[in-house]
Amino acid sequence: MIRRHAGQSIRIGDEIEICINELSATRVTLGISAPRHVQVIRSELALTERQNIAAADSLTAEALVKLAGGLRLVP
Amino acid sequence: LRHEVFRIDRLRGDLRSPLSRGLARVRERKPHQPLVFLQSLRTPELCFVALPAKSIEPAYELDVEESDLELLEVPAASSDLLPLALVTISETGITANLFAPILINTRNLRAVQAISPNRRYSHLHPLVEALEPVCS
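These protein sequences, in sequence, are chains A and B.
Counting from 1, position 14 in the first sequence corresponds to residue 14 in the numbering used here; the numbering is continuous, with no gaps.
Counting from 1, position 24 in the second sequence corresponds to residue 24 in the numbering used here; the numbering is continuous, with no gaps.
Note that these hints are calculated values from the structure, not bench results.
Be aware that one or more of the hints could be misleading.
Within a straight-line C-alpha distance of at most 25 Å, the following computed DMTMM-like cross-link-like pairs (lysine to aspartate or glutamate) qualify [what the hints assert, rightly or not]:
| no. | chain 1 | residue 1 | chain 2 | residue 2 |
| --- | --- | --- | --- | --- |
| 1 | B | K54 | B | E73 |
| 2 | A | K66 | B | E45 |
| 3 | B | K54 | B | D68 |
| 4 | A | K66 | B | E57 |
| 5 | A | K66 | B | E91 |
| 6 | B | K54 | B | E66 |
| 7 | B | K54 | A | E15 |
| 8 | B | K54 | A | D14 |
| 9 | B | K54 | B | E70 |
| 10 | B | K54 | B | E65 |
| 11 | B | K54 | B | D80 |
Could you put together the complete structure from these sequences and hints?
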């Protein structure tokens with residue numbers, strides 16, 4: 001755990017720097033410098049991407065048969 | 001996330017995909033289910049099965065970022081927006097992603113996958129729990 005004020009930054013290794021640009025009661029704005037090969041995305045975006053791939057991959061003919069048998073939803 | 005153009009099918013139309021037989025079976029067995037089939041027109045092998053969020057969670061409330069509303073070209077969360085939850089079928093069960101629903105503006109047919117700003121709903125919402133008791 002590292003405590004920082006707005007305007008201060010941290011470094012991860014030699015190539016990544018995260019700067020605390022702005023602070024409000026509920027949000028923080030970060031400035032991130034990283035090499036091109038390091039992907040910087042919001043965690044929930046990564047989660048959504050993974051779940052989309054799982055959803056698309058799960059859609060096989062057998063899975064649809066399971067869906068036909070298993071789903072009983074509120075119409 | 002990339003842009004895709006999807007055809008939306010209420011599991012009624014003619015589906016020319018490798019999954020068509022399975023889909024036909026869902027359609028035959030569950031003619032009244034609100035299942036929605038999303039087929040990419042640009043990437044033929046990409047498709048999803050989705051359900052309207054309200055059919056899963058009747059009290060479902062939209063939780064959407066301002067920037068997503070701008071992409072959908074609506075000023076505020078309105079009844080023109082149809083939230084669809086993508087369905088994942090796995091060994092352990094069937095789940096729906098209520099955390100990042102596909103929001104369709106039914107007026108202009110623009111859609112975005114709207115990641116909720118809050119963690120109120122799960123990306124692995126179990127559908128088994130939404131099942132009605134079986135009456136036979």
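We went through each hint and held it up to the structure:
no.	hint	verdict
1	B/K54 with B/E73	22 Å, holds
2	A/K66 with B/E45	20 Å, holds
3	B/K54 with B/D68	20 Å, holds
4	A/K66 with B/E57	21 Å, holds
5	A/K66 with B/E91	10 Å, holds
6	B/K54 with B/E66	21 Å, holds
7	B/K54 with A/E15	46 Å, violated
8	B/K54 with A/D14	49 Å, violated
9	B/K54 with B/E70	23 Å, holds
10	B/K54 with B/E65	19 Å, holds
11	B/K54 with B/D80	14 Å, holds
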